[in-house]
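Number of protein chains: 2
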Amino acid sequence: MFFRMRKVGGAPKLRLRVAPNVSSYNQTFIGNKQAMAEDTFKSSDSVRSGRPLRHVKIFRHDKPLKLELGGQLPEVTVAYEVYGRLNATADNAVLICHAISGDSHVAKHDEQDDAGWWDIVVGPGKAIDTDKYFVIGPNILGGCRGTTGPGSVNPAAGRPWGTDFPTITVDDIVQVQKLLMDHLGVRRLLGVIGGSMGGHQVLCWSVKYSGMVDGAMAVATSPRLTSQALAFDVVGRNAILTDPDYRGGQYYDEGPRPATGLAIARMLGHITYLSLEAMQDKFEADRFRPRDVPTEFEKVFSVGSYLAYHGDKFTERFDANSYLKLSLAMDLFDLGSTPEKLAKSLAASRCRWLVVSFTSDWLFPPLQSQQMVDALIAGDKRVSYCNVTSGCGHDAFLLRDDLGTYGELIRAFLANLSAPDGRPPAAKLSDSDTIDRRPTSIFHDQRLDYDMLINLIPEGATVLDLGCGGGSLLAMLREKKCHGLVGVELDERAIIACVRKGLDVIHADLNRGLSQFRTGQFDYVILSQTLQAVRDVESAVAEMLRVGQKCIVSFPNFGYWKLRKMLNEEGRAPLGGLLPYKWFETPNIRIITLNDFEDFCREKGISVLRRIALDTEAGREVVEDPNSNADTAIYVISG
Amino acid sequence: MFFRMRKVGGAPKLRLRVAPNVSSYNQTFIGNKQAMAEDTFKSSDSVRSGRPLRHVKIFRHDKPLKLELGGQLPEVTVAYEVYGRLNATADNAVLICHAISGDSHVAKHDEQDDAGWWDIVVGPGKAIDTDKYFVIGPNILGGCRGTTGPGSVNPAAGRPWGTDFPTITVDDIVQVQKLLMDHLGVRRLLGVIGGSMGGHQVLCWSVKYSGMVDGAMAVATSPRLTSQALAFDVVGRNAILTDPDYRGGQYYDEGPRPATGLAIARMLGHITYLSLEAMQDKFEADRFRPRDVPTEFEKVFSVGSYLAYHGDKFTERFDANSYLKLSLAMDLFDLGSTPEKLAKSLAASRCRWLVVSFTSDWLFPPLQSQQMVDALIAGDKRVSYCNVTSGCGHDAFLLRDDLGTYGELIRAFLANLSAPDGRPPAAKLSDSDTIDRRPTSIFHDQRLDYDMLINLIPEGATVLDLGCGGGSLLAMLREKKCHGLVGVELDERAIIACVRKGLDVIHADLNRGLSQFRTGQFDYVILSQTLQAVRDVESAVAEMLRVGQKCIVSFPNFGYWKLRKMLNEEGRAPLGGLLPYKWFETPNIRIITLNDFEDFCREKGISVLRRIALDTEAGREVVEDPNSNADTAIYVISG
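Going down the list, the sequences are from chains P and C.
For the first sequence, the numbering used here assigns the number 1202 to the initial residue and increments by one for each residue that follows.
For the second sequence, the numbering used here assigns the number 1202 to the initial residue and increments by one for each residue that follows.
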């Protein structure tokens, strides 16, 4: 027989694993040196066993805490860990907000310490460098790893809260984090960062305590869950609530805990954290070979045994009531379902933003990050955005695989926040900084083109640079005291280079429009040496003209006499000539002459305010017969 | 308070709805005229209440049935419905295979009849036209709507099988359908069609009874589930198996049924049937306004109340043991995890194929349909494939929204199967048949280009036409007794036009390679008037040369004197001249002259076997200075 099915329903349930008593655990686990059940599995899903946290600190707030949806908690305890030192000017603090199942143990404190859930990002020399920054990792309100939650004793009742624990929100969670900051003497946060539900906390911080946050880093998160993600949470909660062992949430003192329901909820959640591709890679080859793990659940398929193992493990370290309360807090989080509402929700934010999504994340899809970015742009916030190419799904923010991009973005973003305003970052430049714009670039010296562009833009103007590459032109414009500078770029490495330069850059495809920008938002919009590579020229130009008061377009002139001669005398595609590409490989898919472009402007009712024709080989402007004698054209146009 | 949470776990479970006793139901429901609980909801998910099926027929096979994984059933009963009449030549039968929760009631038998689950596709004048075809809809083995399943009485034990019902496979299901065909005197099946798990049955039919099937229509299905889809099934089964009311599967005689577990499994399944977008559209606006449905489950969010309602409803008409057995049968279905294994699995198939996927289906993603298509092509099967643009997710095959494409494909495919071989179908041609190839088309009379192409191809050759449009060229080649004719096309409407012509056409993007075709598979590969619109020319040409013994490439010559003159004398892009596009909108993104193409061939080591230079305006071949005097070039090349 090539599979086997354990029969479960008929026999009395075996409870192979009994979760620690969470209520007493919450009171006593701190400093307990006795290691709990050995954690023998290797996993990519950041699940860890319920070991004692040796470096955890406790802050007790012994006054009542009013809650957003009504009611109050009579007192709050916060478990947290800190890394690095607060500097003399108290401006190097970074707050880490964990996701639903995380805790205060963000990273190792020393080599002997247990692994933290974000060791890859936080530590000496890492992206969030604990040699530079004072890093704070609190366990969130409602959790079960030291901070007040449903497993804590309700003083009025003399027993754990259970289901009587009030419904909490992300706002409440953040309020408690703020109390901790006050306790620690942290008055400014250089950065607040979090992924998934941790990102919800970041979003909340940025508006609730807007005066206190310099930089917000929202990773793999959303303004509110998709209906799909919400639906998965609902099904997970139903599994817990209908577990007979749930017993109205008062299971702490004796008898079994609702481990079956919690494990089912976790298994379901686990699927949503992984991408389709990641699951194929992991389970496709040995589909019918389940691992021999001790579990009550079905063990027919490898993926089933894997999920069962991690589902069971989860119940050892996590409290079902915490899962219910925290997943509900996440589901209730809502910055708005329309662009207008979302922009309004984020209007109070005054920090700089780094928004990161992952291409294969279907639980918090990139589109939702883009909606946040759009809302931030609509509110004139300073924001950079990157949709990191990843096959790892939602879990990507916890994995080393994609650290090369998102880790570098975090590092560069923080470095610029701590650097003097408007100056290049202290961070060491690497190869990717040398990447510069326009792979479609033209004949000779690009510098002449740049100089001309810069001369066309008055000091103090706001500028959008489309296809900004590594940001060289924007950096030059910054030197010229231009502000409101924004780049749009498609290449991830170029985006890192921009963020290293302290520039605001949006990861977007020009061919999909500029709907994130307001009509007339910029004094100037630049499209330098890119028009000839644009698929939908009409829409792109129309969008530029909508967004900018004036637009500057430069492109190689295919009317240039050397190119004409090539086609005319040699009978060969002019693209294959002076340009560095052959006909079959050139990204230059549009043939434009000065005449063509001017015909186009006439036809579309576009005003040509100025034309500069350049002979870049000779290094000068062309006056006579520019359609023949210029190899490059620069136009200033308006709608 | 803007939400409310029903507390469930603490109180004894309310069983608001008690499912009919399935075992007796299986024995008695047929012909029962008393309507069961009124079905009051409107839904897109094809869920229907447990009404009696007035037109159901019963076939009893009273001999033992051996099962694929061992063991046997002592007897089998099959509930089925039929539509239309078997014709005199007995060659108009179409078998409908239902998905996990379907039944024999495929469509209404008359206006007074209850809705069927596929009324949109099956009926008089519909895609599967019951005026033409004899349509058979059996309930599948293991189900709970009349055909033998876990709720049927095990004669040896004198009580329902429950969990003792043997593990069945798709192969067993199909074996039982074959017994029904024998009983009905159906020796040939013009078509076998099914979506989702119904598609698995189609795949099985095509190889198990390969001599009996003329046409296989596999809709929204896969060679085996993705690991992700499998994982969702596992979690659903775990919810049922751990429901205390499951009681080892022997819940039929008294006491509650495992309705909670089954409802949770169904809720989870329901999410996977819908696309992200469809759920957003349905639930985003009124997220926090749950519907007031009677349910034990959480009612905080609209999506939750919706899922709970349908989950509860499902338990009224479906048996938990059937769900376990059928979902396991689906999960065990496996035609192979590698292209080689898959091709081997399908090697025995001798029918023509129509494979349809839906772009937003993430449970049975289009990539899996493409893998099947690749395997069929690798085995020289005749197959057409379309990835229908849809926002509806996996459920798309049950919805009217996308019927315009998939319904038309089914209609046209069946019409051609029943038409005399090699002749155009009887089906009425519509607008989309007039669509023809090459939106990038050239200067003058395309007919000359076609005639030349056809003359280059010897009678009896096998031909692949890349960018085949509505299939005119392929249809002409068919007249010339060419065979093994296959088209590749990107446009859905053009694909319908090809299928109407009885041609085999694959929905694919030329820019993504031709990996589905074998090296040297075709005598000729044609790329007519398309090269200039191809993004990755090198790969496309390399792939053509790999797949074809010889390749024929035709393209507009940008060395043509009128075009040269345009650039040279007028200083305007030659693309804007004689061709019907302007520089900013042309799909012709590559500038090619005869010289350029010949340089390219030389550089890449490609042999030019023949060159035909055409002046299509004059309607003749050009001999002198073809790079200047021809507006069109045709090359025969080989690798």
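Treat the hints with care, as some may be off.
The calculated DSS-like cross-link candidates involving lysine-lysine, where the alpha carbons are at most 30 Å apart (straight line), are [what the hints assert, rightly or not]:
id : chain 1 : residue 1 : chain 2 : residue 2
1  : C       : Lys1483   : C       : Lys1309
2  : C       : Lys1763   : P       : Lys1805
3  : C       : Lys1545   : P       : Lys1483
4  : P       : Lys1483   : C       : Lys1681
5  : C       : Lys1483   : P       : Lys1545
6  : C       : Lys1483   : P       : Lys1763
7  : C       : Lys1766   : P       : Lys1783
8  : C       : Lys1264   : C       : Lys1483
9  : C       : Lys1805   : C       : Lys1682
10 : P       : Lys1766   : C       : Lys1542
11 : P       : Lys1582   : P       : Lys1333
12 : C       : Lys1483   : P       : Lys1542
13 : P       : Lys1483   : P       : Lys1542
14 : P       : Lys1766   : C       : Lys1483
15 : P       : Lys1805   : C       : Lys1766
16 : P       : Lys1682   : P       : Lys1805
17 : C       : Lys1545   : P       : Lys1783
18 : C       : Lys1582   : C       : Lys1483
19 : C       : Lys1483   : C       : Lys1542
20 : P       : Lys1766   : C       : Lys1805
21 : P       : Lys1763   : C       : Lys1763
22 : P       : Lys1805   : C       : Lys1783
23 : C       : Lys1379   : C       : Lys1409
24 : C       : Lys1766   : P       : Lys1763
25 : P       : Lys1783   : C       : Lys1409
26 : P       : Lys1783   : C       : Lys1763
27 : C       : Lys1763   : P       : Lys1766
28 : P       : Lys1763   : C       : Lys1681
Worth flagging that the hints you see were computed from the coordinates, not collected in a lab.
Remember, it's a predicted structure, so these values are computed and weren't measured experimentally.
Verification of the hints:
For the hint pairing C/Lys1483 with C/Lys1309, the CA-to-CA distance comes to about 28 Å; that is within 30 Å, so the pair holds. For a cut-off of 30 Å, the pair hint linking C/Lys1763 to P/Lys1805 stands: about 27 Å separates their Cα positions. The suggested pairing of C/Lys1545 with P/Lys1483 holds, with an alpha-carbon distance near 24 Å, which does not exceed 30 Å. This hinted pair does not check out: P/Lys1483 and C/Lys1681 have alpha carbons roughly 50 Å apart, beyond 30 Å.
For the hint linking C/Lys1483 to P/Lys1545, the alpha-carbon distance of about 24 Å falls within 30 Å, and the restraint holds. Of the supplied pair hints, the one linking C/Lys1483 and P/Lys1763 is violated, its CA atoms being roughly 59 Å apart against a limit of 30 Å. With a C-alpha separation of about 22 Å, the suggested pair C/Lys1766 and P/Lys1783 falls inside the 30 Å cut-off, and the hint holds. Note on C/Lys1264 and C/Lys1483: the hinted pairing is violated, with a Cα-Cα distance of about 49 Å set against a maximum of 30 Å.
At most 30 Å may separate the alpha-carbon atoms for a hinted pair to count; C/Lys1805 and C/Lys1682 exceed this at roughly 33 Å. Taking the CA atoms of P/Lys1766 and C/Lys1542, the gap is about 57 Å. The hint is violated against a cut of 30 Å. Between P/Lys1582 and P/Lys1333, the direct Cα distance comes to roughly 26 Å. Compliance with the 30 Å bound is thereby established for this hinted pair. Of the supplied pair hints, the one linking C/Lys1483 and P/Lys1542 holds, its CA atoms being roughly 19 Å apart against a limit of 30 Å.
Restraint check for P/Lys1483 and P/Lys1542: the C-alpha separation of about 40 Å exceeds 30 Å, so the hint is violated. Annotation: proposed proximity of P/Lys1766 to C/Lys1483 is violated, straight-line Cα distance about 60 Å (limit 30 Å). Between the alpha carbons of P/Lys1805 and C/Lys1766 the distance comes to roughly 26 Å, so the proposed pair stays at or under 30 Å and holds. Of the supplied pair hints, the one linking P/Lys1682 and P/Lys1805 is violated, its CA atoms being roughly 33 Å apart against a limit of 30 Å.
Restraint check: the Cα-Cα separation between C/Lys1545 and P/Lys1783 comes to about 43 Å, which exceeds 30 Å; the hinted pair is violated. The suggested pairing of C/Lys1582 with C/Lys1483 is violated, with an alpha-carbon distance near 41 Å, which exceeds 30 Å. For the given pair, C/Lys1483 sits about 40 Å from C/Lys1542 by alpha-carbon distance, which is inconsistent with the 30 Å threshold. With a C-alpha separation of about 26 Å, the suggested pairing of P/Lys1766 with C/Lys1805 holds against the 30 Å cut-off.
About 19 Å separates the Cα atoms of P/Lys1763 and C/Lys1763, which keeps this hinted pair within 30 Å; it holds. Under the criterion of a C-alpha separation no larger than 30 Å, the hint pairing P/Lys1805 with C/Lys1783 is consistent with the structure, at around 13 Å. At most 30 Å may separate the alpha-carbon atoms for a hinted pair to count; C/Lys1379 and C/Lys1409 meet this at roughly 10 Å. As the CA atoms of C/Lys1766 and P/Lys1763 are separated by approximately 14 Å, the hinted pair is consistent with the 30 Å bound.
This hinted pair does not check out: P/Lys1783 and C/Lys1409 have alpha carbons roughly 53 Å apart, beyond 30 Å. Between P/Lys1783 and C/Lys1763 the alpha-carbon distance is near 23 Å, which keeps this suggested pair within the 30 Å criterion. In summary, the hint linking C/Lys1763 to P/Lys1766 is supported, as the alpha carbons are separated by about 15 Å, within the 30 Å threshold. For the hint linking P/Lys1763 to C/Lys1681, the alpha-carbon distance of about 48 Å lies beyond 30 Å, and the restraint is violated.
Violated hints, listed in ascending order, are 4, 6, 8, 9, 10, 13, 14, 16, 17, 18, 19, 25, 28; each of the other numbered hints is respected by the structure.
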